[in-house]
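Chains V and C, in that order, are what the protein sequence lines are. For the first sequence, the positions run 496 to 884 when my numbering is used. For the second sequence, the positions run 496 to 884 when my numbering is used.
Hints were generated in silico from the structure; no laboratory data involved. Please note that a few of the clues may not be correct.
Since copy identity is lost for identical chains, a pair holds within one copy or between any two.
Each computed DSBU-like pair below joins lysine-lysine, with the alpha-carbon atoms no more than 35 Å apart [unchecked claim]:
(1) 728 <-> 684
(2) 851 <-> 773
(3) 773 <-> 631
(4) 822 <-> 847
(5) 829 <-> 848
(6) 766 <-> 728
(7) 847 <-> 728
(8) 766 <-> 650
(9) 847 <-> 573
(10) 829 <-> 847
(11) 773 <-> 847
(12) 631 <-> 766
(13) 773 <-> 848
(14) 773 <-> 829
(15) 573 <-> 851
(16) 773 <-> 598
(17) 728 <-> 773
(18) 773 <-> 539
(19) 818 <-> 766
(20) 848 <-> 521
(21) 573 <-> 822
(22) 810 <-> 766
Predicted model, so just to flag it, every value in this text is computed and none were measured.
Next come the chains, spelled out residue by residue.
There are 2 protein chains.
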Amino acid sequence: MKRMILAGLILLCTHVADAQTILVEKQRFETLNFMTESGEVLPKVSVGWESYGTLNEKKDNVILITHFFSGTSHAAGKYQENDPSPGYWDALIGPGKAIDTNKFFVISSDTLVNANVHDPNVITTGPATMNPQTNKPYGLDFPVVTIGDFVEVQKRLLDSLGIDQLYAVAGASMGSFQALEWAVRYPDKVARLLHVIGAATMDAWTVAALEKWALPIRLDPNWNQGDYYDGEKPTAGLSATVLNITQDAMHPVIYNASFPNFEVLDDGAMKDIRVLPKVNQILAQRALARAALQDANHVLYLIRASQLFTAGMQKNLDAALAKIQAKVLLMPSKGDLLLRPESVHTLYTTLKKLNKNVVLSELDGGWGHLDGLFSISPKHADIAAFLAE
Amino acid sequence: MKRMILAGLILLCTHVADAQTILVEKQRFETLNFMTESGEVLPKVSVGWESYGTLNEKKDNVILITHFFSGTSHAAGKYQENDPSPGYWDALIGPGKAIDTNKFFVISSDTLVNANVHDPNVITTGPATMNPQTNKPYGLDFPVVTIGDFVEVQKRLLDSLGIDQLYAVAGASMGSFQALEWAVRYPDKVARLLHVIGAATMDAWTVAALEKWALPIRLDPNWNQGDYYDGEKPTAGLSATVLNITQDAMHPVIYNASFPNFEVLDDGAMKDIRVLPKVNQILAQRALARAALQDANHVLYLIRASQLFTAGMQKNLDAALAKIQAKVLLMPSKGDLLLRPESVHTLYTTLKKLNKNVVLSELDGGWGHLDGLFSISPKHADIAAFLAE
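Based on the sequences and whatever the hints tell you, model everything.
Rendered as structure tokens:
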């Protein structure tokens, strides 16, 4: 267990690349007149994408990767040899790996309203984007967007490359929502669905947890109803949000194991209510560093997109799931405190009842929700076999 | 399971009193020149207290009840026949009940910096109290106080009543911290310790979770570094804090079960980012109502007192625990996401190793942390037996 935790921590800190890590390049995709599910038209949408492996002549070797809430299209590889870490699923995606880029053309795109707007390798469209009608950032005038909208942008991207069929679509967490939505919306185009630490629909627990993430941003006076692009940013609120997200994505056992020298007694915090305990100071600094790449409004829009997710975006979930033709591999995490494994068990039972080809394989690495990123290695053979069939 | 959930929900909503519910009266205790653990002197400290049952002549039938974070001294009974609900442990405490007020004199007091300052039945001293040196509320000039300070105030209260021995001390959650601190600090005065959904020391997970509760208050511009007693209160921040606390005290399974008609699709939330999903509106309203009785600074001070808790308030926890002479009954909750059962298992092992008389009996009612309030009924016989021995 200790060795596993240490390995996980190293992963968390550096994502040590192996010899098979490939070099990748960010591409830009633009599309015009995009009608959102909420009924508004965006004159122009831009998103970043990257790919690993080669598209074959028949264009039938495509695997789409859809990213998680705090993630980007950087699923594998490095931009530069000396990047401190490769993409988040680099252990899974690459030449000879479970998602073998010697066979497959793997493509991953940034979503709309991606959180990490200020990451130079992210291209996205959202409230921080210039509104061509006002020449100012959209702010809260940006329409609510949905997981379905994320899928439609990806659809246009694939269309632009002449890709009509997906050998598979795979995503973790919010990425699993998009992957499932693909299989429901375009059943004849999706042959395989890898659904990791995910859900088929939101429950009250997760919708409430997501709202807890939104609260600090909205309370920060600098947020100013989303209109802050000319002034001070709501950095304190956004950092608090990042702090919330980080803890909710973990499990207490491993969280505590990652602070082996934790000391309760804290002279500074005892002497002055204004001084945070040391561990909270460290956590706050880490959150601040991560928040520097993010935009607060984008995070609010991601929260809303997630809160409104139910596969097929219709009242009858079973009817939506009945449309699926893809073979399905479900990988919930046993200790997930954010997207609960029992809801994925329900999804499994429903798909079985609907005579779908579905397998459930539970992750149990101790990280809770983050097992979908950090503890997927033991499942590499299962994933390779799922893709080989 | 369903019946259990329903029963729990009814408890949550009304705490239906049974025929054995007694009438109680709030008392006031005042003490002068109280030196805090952080080294400052409070010229005057007032706390409320109430009692159930009769103090015998030998004064050796006393059971002290110490309250949880969001709680008050109202552990049992009603103030008026028509109160909507009795004290939080009324099912446990009363004539003929597990903590039998026909035998015992049960006493319960408000802590320092009690959250519910605006509850007319709460008497407490904290940042909202007038500072006699300035004739203004203390605000953040109030010293940091600790669980040890809460115990010392209770000690003075008991001294004032001529009580020197505790037949037992019992508390849930933050109440368990105080109860344990009593047994460590005054080993020759505490014969029995009932420690429910508690801990012996803070871990990084809980210290971080507590800080998440503090963040919304500090982000609310009305908080104004704790100086808001002349102006608008930080109600939005405090409500967000209450929302956080409520969710952290529950378990997702029962949380979701308490929203059986939950619907993801939400037209208002889809059309406007400024409109919360309906479920979040309901949760926000409930939190706002609860926040109306609370003071934001008091909550911050309670957070700090909890973050700094380690039994004995010294570096060597085992040495502190070694002092205990009380017989101990530990009741963690299996699904507790706030104060983890594994840390209570560690406490059990340590006490065993120290040759203490200790029993571990796990709660498993599905509520998570709140099992300590809502699912303690199945343990009534165990508790009665523990007290009878």
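At most 35 Å between alpha carbons: which applies to residue 818 and residue 766, within, between, both or neither?
This pair counts as between: shortest inter-copy Cα distance 27 Å, intra-copy 62 Å.
At most 35 Å between CA atoms: does that hold for residue 728 and residue 773 within a copy, between copies, both, or neither?
both (26 Å within a copy, 29 Å between copies)
Up to 35 Å between alpha-carbons, please classify residue 773 paired with residue 598: within, between, both or neither.
neither (49 Å within a copy, 47 Å between copies)
Go through the copies and call it for residue 573 and residue 822: within, between, both or neither, with a Cα cutoff of 35 Å.
within (31 Å within a copy, 60 Å between copies)
Regarding residue 829 and residue 848, is the shortest C-alpha distance of 35 Å or less found within a copy, between copies, in both, or in neither?
Both. Shortest intra-copy (23 Å) and inter-copy (32 Å) distances satisfy the 35 Å Cα cut-off.
Check residue 829 against residue 847 for me: Cα-Cα at most 35 Å, and say if that holds within a copy, between copies, both or neither.
both (20 Å within a copy, 31 Å between copies)
Please sort residue 766 with residue 650 into within, between, both or neither, judging by C-alpha distance up to 35 Å.
Between copies, since 23 Å is at most 35 Å while 58 Å is not.
Could you place residue 766 and residue 728 in one of the four classes (within, between, both, neither) given a Cα distance threshold of 35 Å?
Both: 31 Å inside a chain and 25 Å across chains, each within 35 Å.
Taking 35 Å as the upper bound on the Cα-Cα distance, should residue 851 and residue 773 be classified as within, between, both, or neither?
between (51 Å within a copy, 33 Å between copies)
Using 35 Å as the alpha carbon limit, work out where residue 822 and residue 847 are close: within a copy, between copies, both or neither.
within (11 Å within a copy, 53 Å between copies)
Is the C-alpha distance from residue 573 to residue 851 at most 35 Å within one copy, between copies, in both cases, or in neither?
neither (37 Å within a copy, 57 Å between copies)
Between the shortest in-copy and the shortest cross-copy C-alpha distance, which are at most 35 Å for residue 773 and residue 848: within, between, both, or neither?
Answer is between: at 31 Å across copies they meet the 35 Å cutoff, but 52 Å inside does not.
Checked against the numbered hints given earlier, the structure breaks hints 1, 7, 9, 15, 16 and 20 and satisfies all the rest.
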